[in-house]
Every structure is written in C-alpha cells, then in structure tokens.
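From these two lone chains plus the hints, build me the complex, please.
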Amino acid sequence: LIPLHQIYVVAFLVSKEIFISRGSSLGFDRFITVFSPEGKLYQVEYAFKAIASSSITSLGVQGVDSAVIVTQKKVPDKLLDASTVTNMYMLTPHVGCVMTGYAADGRSQVVRARAEAANFKYKFGYEIPVDSLARRIADINQVYTQSAEMRPLGCSMMLIGLDESLAPRLFKTDPAGYFCGHRACSAGVKQTEANNLLEKRLRGDLALTKNDTIQMAIKCLMNVLAVDFKASEIEVGLVSAENPLFTTLTEDEIDSHLTAIAEQD
Amino acid sequence: MTERYSFSLTTFSPSGKLVQIEYALSAVAAGAPSVAIKARDGAVIATEKKYKSNLYDEHSISKVEVITPEIGMVYSGMGPDYRVLVKAARKIAQKYKLMYDMEIPTIQLAQRVAEVMQEYTQSGGVRPFGVSLLIAGWNTTTNGPMVFQCDPSGAYFPWKATATGKNHINAKTFLERRYSQELGLEDAVSTAILTLKV
Chain X
917 LIPLHQIYVV AFLVSKEIFI SRGSSLGFDR FITVFSPEGK LYQVEYAFKA IASSSITSLG
977 VQGVDSAVIV TQKKVPDKLL DASTVTNMYM LTPHVGCVMT GYAADGRSQV VRARAEAANF
1037 KYKFGYEIPV DSLARRIADI NQVYTQSAEM RPLGCSMMLI GLDESLAPRL FKTDPAGYFC
1097 GHRACSAGVK QTEANNLLEK RLRGDLALTK NDTIQMAIKC LMNVLAVDFK ASEIEVGLVS
1157 AENPLFTTLT EDEIDSHLTA IAEQD
Chain A
30 MTERYSFSLT TFSPSGKLVQ IEYALSAVAA GAPSVAIKAR DGAVIATEKK YKSNLYDEHS
90 ISKVEVITPE IGMVYSGMGP DYRVLVKAAR KIAQKYKLMY DMEIPTIQLA QRVAEVMQEY
150 TQSGGVRPFG VSLLIAGWNT TTNGPMVFQC DPSGAYFPWK ATATGKNHIN AKTFLERRYS
210 QELGLEDAVS TAILTLKV
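Heads up: the protein sequence lines correspond to chains X and A, in order. For the first sequence, our numbering gives the first residue as 917, with consecutive numbering after it. For the second sequence, our numbering gives the first residue as 30, with consecutive numbering after it.
To give a feel for the contact side, a few chain X residues facing chain A, derived at Cβ under 8 Å: (1) Q1062; (2) R1099; (3) A1100.
Keeping only pairs whose Cα atoms sit at most 25 Å apart, straight-line, the calculated DSS-like set for lysine-lysine is: (4) X:K1116 to A:K81; (5) A:K81 to X:K965; (6) A:K79 to A:K195; (7) A:K81 to X:K956; (8) A:K226 to A:K195; (9) A:K195 to A:K78; (10) A:K226 to A:K92; (11) A:K201 to A:K226; (12) A:K116 to X:K956; (13) A:K189 to A:K226; (14) A:K92 to A:K120; (15) A:K78 to X:K956; (16) A:K81 to X:K1135; (17) X:K956 to A:K46; (18) X:K1146 to X:K990; (19) A:K78 to A:K92; (20) A:K81 to A:K92; (21) X:K956 to A:K195; (22) A:K201 to A:K79; (23) X:K1039 to A:K116; (24) X:K1039 to A:K124; (25) X:K989 to X:K1146; (26) X:K1037 to A:K116; (27) A:K92 to A:K116; (28) A:K79 to X:K956; (29) X:K1037 to A:K120; (30) X:K1039 to A:K120; (31) A:K79 to X:K1116; (32) X:K1116 to A:K78; (33) A:K92 to A:K79; (34) A:K189 to A:K201.
Quick partial rundown of chain X residues pointing at chain A, CB under 10 Å, derived from the structure: (35) D945; (36) T949; (37) K956; (38) D1055; (39) Q1058; (40) A1064.
No lab work stands behind these hints: they were computed from the structure. Don't be surprised by glycine CBs; every beta carbon is placed ideally from N, CA and C.
Chain A extracted, bound-state conformation (with noise of 0.2 Å):
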C-alpha cells in the first residue's frame, strides 16, 4: 500500500557514532524515572505516573505492564513506542509457549524485545524507539528472581538495581549506597519508592 524506504535512516557519523540512537537516549533521559532492584526473593519495578492535570482520568493507563503471569516491564521515555514493544513481547512469549511448551525465561525475553529494538535501529525508514525497558521476572530453573534493561540501541543488560529517565544518575548512586544482596522484598519496595523521590 505505501512506498517503503529501502535504506536506513540511522547512519554512522564521521566519528563512528549512530545519532539517532544518541538523540533517542535523550528521549529516554527526559521521560519520567523509573527503577528496578532484585531483592532476595523477588523484584520490585517501579515508575512515576504524575500527570499535569486533574482532567486526566489515572486509572484509564497502566504503565507497569504483565507480559506472562511471571514477568512484568515498565518504561521510561516515550509512550506510544512503550505500547508497541508490549504487544510485541506479549506476542513472543506467546509463541515461545506455543513452541517450547513453558513459560519463556525473562532473560529469553529480554534477548527478544532487545533484538526488536535494534531492528527498528537498522531497518529502513523507521527511527528508533524511544523508550528504555526495565523487564522483572522469576526465574523457575534457578528459583530466583532477575531484573533487565533494553535500550534503544538494541542492548539489554542485567541489573541488581537500576534507574531510567530523569534524574537516572542520581537515582543511580543513591541504590549503589542502598542495595544489598540480601534486601527483602518489603525493603525493596520501600527503596524503590524512596529512590523516586530523589
């Protein structure tokens, strides 16, 4: 139905820089913070959800979203590009499900929805997203819990603790000197919240 662009719109620089992922990464910087810590048991991911006016009805979205009944992922930056990459990792976890017969591992997921996100980087005639995902999820085989982090750029990487969005650098120090190994989950969900506000 419409003409496709057959090259790519994210280039290499002269300096061997590819612009379009640099300037979706300030995207991300300035959507709203997000965190994701691993407790001992469990996972906590967390966003700030404030909107500007009392007109907008809260409960109509939900930016914490359930992928499979063992994982969920939440977002910093845009949106709408947050709504297609949830589709999208619903539908892979449903197939890996229908192939494999069990319930996809989230670093399975991870790997996936970050392979969807680089596509977007190198394929022609579409920009890249402009959302980082934090992805929490159980683990059946090792029984533990494991916290991801998908860039625009298509990398994704395991976290202990992790901020997104604005004020990421901050938020990120303040949970080097809080986080330890054997945080609970109460604990975890208290930091989480604590980590917001900073």
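Just chain X, same shape as in the assembly (with noise of 0.2 Å):
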C-alpha cells in the first residue's frame, strides 16, 4: 500500500526529469531535507525560523558553581491556568532543560528526552550526564535532516547539569543536530540582541557566583526584551554546586532577585 503522498511525489519526479538543467533543483529541496544546488538544507533553515515563531527568547549563563536558565512566561488568556503553564523541565533530577519554539515539538523532544534518561539509567545503572543527554538528542535531531519521512523539529533545548566533576554545564541542541557547551547562551526571537549582549557581559574572567549569575541572566532578559519583568513573567531554572538538583525557583525567589536587581541600578 503506497501512501498517496509518495505517489505524487514519483508523478512529479518523472515529469520534471525533462525540464531539469544544470545547477538547478527539482524543488522539493523546500519542501523535504535534501540539499539544494549551493549545499544547504533549507528545511532545517526553516526550521530554525520557526523557532522564532513562540515569540519568547530564553537565555542561559553558567557560572563557576552553578548554571542558569531564564525564559519568558507569557500566559495570553487570562482564563488559562498560569501554574500549568511552562517551558522549563526537568529532564533527571539533576538535568533540567528549557524548550524554545514550537510548544508541541518542544514537549515531544522533553518526553524523548525523558525516555534516552531513564534507558540510560536503566542500562547502564548510573544517571545520565548531561553532555551526554544533549548529544543523544542532537542525534536524533540529525535523524530528522537525513531522512524524508520526518520533519526537523522546531525548537531549540537548552539543557543545564552539573557534570561529574561537579562543573555546571550549559548545552544548546538545534534543529540542525548541532550541540555544543556555552558559557553563555540564547535561544527564541530576540537570540541575536541577547547573544551580543551575553558577549558584551562576559568579556574576561568574570567568576560569577550563584546569585550573581542568576541575576546576570535575569537583569540580560530584561535588557534585550526592554520590559522590566514582574515575578509571574518569568521562568527560572538552577543547578549548583550547594543544591546539584535541578530547581526552578518560586515566584519569591524570582522576586527577591528582582528587587536586588532593582537595587543594584
């Protein structure tokens, strides 16, 4: 049983063969993951365009002891149940991570996420660490721009862990099956602005303790956005050498850091 979709893509194939010239594609280069004439995928382009798309940017800094992620919450109906709604996860009890773009694509890449966490730990009897889990998924995010069947997903995971010297670690994966550590990070509509400026705050050595550094994430947010936030409108996520479990921190929490942010100016 041929699925039909598959049919029209061979009717089409055989009847462009005649117009087809040098350099020049059969124009499904758009529309699934094979290259175009100059190299490039563009279903993984647009797949990072549709990052954008959520219109919140979330950003990560790690500092000496601990690791940080912050991310917009916006709740656009006031009838929805703001406690239930998130993009900050924990992956393991000591890897948590924040989904940038699509909600759908972002929940199912943390379910996939949760599942390679626990095989692992069921494998391999110790818990997963957290370069690890970042690479398991930036593979399987290379899967999608190999083969026609599945689509790159469109959100970014940035995964936070301390690793097994006690380091805090920050990793970024993308719908390109690309993942590297950060010292800093960014992800969302406004990742440029807020990649520039990360760039600009940490020229040099700049040991940033636990505190510091989640108000060095906050107070960047905030900054790149132009907003001054109020506690319910932002996510905060730590690890850290004190507390090694992934935590987001309460309303309080966030609003104690605000208020010394507030004071510092």
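So this is what it looks like as structure tokens:
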C-alpha cells in the first residue's frame, strides 16, 4: 500500500525529469531535507525560523559553581491556568532544560529526552551526564535532517546540569542536529541581540557566584526585551554546587532577585 | 512507527549525474578546512576549529575523534552528519575486533565507512552525508601509516597528503609543493598547521 503523497512525489519527479537543467533543483529541496544546489538544507533553515514563532526568548548562563536558564512566561489568555503554563522541564533529578520554539515540538522532545535518560539509567545503572543527554538529543535531531519522512523539530533545547567533576554545564541543541557547550547562550525571537549582549557582559574572567549568575541572566533578558519583569512573567531554572538537583525558582525567590537587581541600579 | 519512503531521493539527471551528491560536495566545500598528511613514521590530521563568538565552550566538542587506539578521523562539512559516521565507524571497528580478534586495519575501516555513506545515496527517503572524512591510521602489518578520504558519494581514496573544505584547491597545491616521502612526523605537523593557514 503506497501512501498517496509518495505517488504524487514519484509522478512529479518523472514529469520534472524533462525540465531539469544544470544547477537547478527539482523543487523538493524546500519541502523535504534534501540538498539544494548550494549545498544547503532549506527545511533545516526553515525550522530555525520556526523557533522564533513562539515569540519568547530564553537564555542560559554558566557561572563558576552554578548554571541558570531563564525564559519568558507568556500566558496569552486570562482564562488559562498560569500554573500549568511552562517551558522549563526537569529531565532527570539532576538535569533540566528550557524549550524554545513550537510548544508541541518542544514537549515531544522533552518526552523523548526523559525516555532516553531513563533508558540510560536502566541500562548502565547511573544517571545520564548532561553532555551525553545533549549529544543524544542532537543525534536524534540529525536523523530528522537526513530522512525525508520526518521533518526537523521547530524547537531548541538548552540543558543544564553538573558534570562528573561537579562543574556546572550549559548545552544547547538545535534543529540542525548541532550541539555545543556554552558559557552563555540564547534562543528565540531576540536571540541575536541577546547573544551580542551576553558576549559583551561576559568578556574576561568573571567568576560569577550563584546569585550573580541568576541576576546576570535576568538582567540580560530584561535588557534585550526592554521590559521590567514581574516575578510571574519569567521562569528561572537552576543547578548549583550547593544544590545539584535541578530546581525552578518560586515566585518569591524570583521576586527577591528582581528586588536585588532594582537596588543595584 | 513512521512511513518509509520506498524510493531513492538521489536520482540521475539526464546528463547522467547524481546531483544530490554534487550538492553534498558543495556543502563539504563550504565547511571548515581539514588536512591529512602521511609522514615517514606516522600520519597527521588537523582541522580548523574557529567559533564566531566567545560564548562557545571550545572544549565541549572535539572534531578530531578516536575510532580505535590506532585510527583517528576528522572531517569537513556538517558536524551532525559527522557524529553519525563516528558512531558507525566505532561500531564497525568493534564488530571487526569481535569477529577476527584483531584491530581493524585502516583500509578496511575506510572501505566499510564509505559503504555506509554510499548506502545513503541509494536508500529510500534519505539524503547523502554532507561530510568528507579524513581517516588516518597505523598499519601494523606493514608497520606504516595510512591516510584515506571518504566522500559523500561513497568513494574512498588513499592519499599521501590532502586537504578538504574551504580553500582546498589552494591547500592541495601548497601540499604538492611541500610534501616529500621523507617528511618526519614533527615536520608533518608543522606543514599541516601551515596548510590550514593557506
């Protein structure tokens, strides 16, 4: 039983054969992940654009003994139960993440990440290190860039956790299947502006302590978006040497940081 | 779980070319430069690892990867595709060891990895890999080094010295002038670094 869309593709390919000229594509390079004449993958590039469609920005900062992820919390409708709206997820007790982009794709990736982490624990008897989990998610993303039957996911995952030497790590994966450790990174609508600001602020050896890291992250997000947050408008996730478990700050804790930031000015 | 495409996406053009492979080669040519040199008593592989921003943690990722204690690999092109091939190469090497109770010779590894790359140019619903691999290994039977290149087409070539990625034509011209069979390992390392700067 051949699916209808496959029949359309074959018929299209057969008819296009007569019109192919050197250096031009069949037209499918924009619809499935095959190479374009310039050697690019358009579907992957479009997936990156989809990340901005969620209209939120997230960022992460790696300090000397803690790693922090911060994201905007937008509750579009007053009738929604705000306590159920979140982009921050715990993947294992020691590794957490924030998803930026298509919410549904993000949730799907979180569910998969949790399954991979649990599988690792079952097979090997210890909790998956944060860099291995990031690599695994990135490898799965790569498969979607190479197979025609699955599209790349329109979301980017930023993971934090302490590594085997108990140093805080921040990793970011993207729809291209690329992943890397970061001293700081961002994702979402204002990604470019946020990265520029983080580069400036993190020049040189800063040795940020836990509270400094949290406040640096919140301040950068506020600056980039040019808003003064209320505690209910952001989410903050944290791992630190004093508490290696992934936790999200409560509204009161966020409030005290916001007050501290306000007092600094 | 997923519907599988039953036909290949890499098909012949009227002129007899496989355009998807040509496009994959463009992706490789746009990648970071890599170089491999076979010296008298060893082999060197090197690549440029430049990040556009100081926010990246350079030490979290490595581009030069160990496949077996005697074989290493580097690439030009798409990083995510490379990781897949590193995993495949490592598994191939271990399977060989399990079957034959000896470490896989470099030429065997290059041939089998190239076979994986060829499958992705002919199987249903997949695109070719957007990487060219440079594999360097020590050959215990002949007691000498070997260097191979594996292309997105699935072709593999032994080299005395070669370069891939950006500016590879100039880099290869540079190597043609500089290379000699009598190159020692230290000289080969400096030549590799100089080639990357070309």
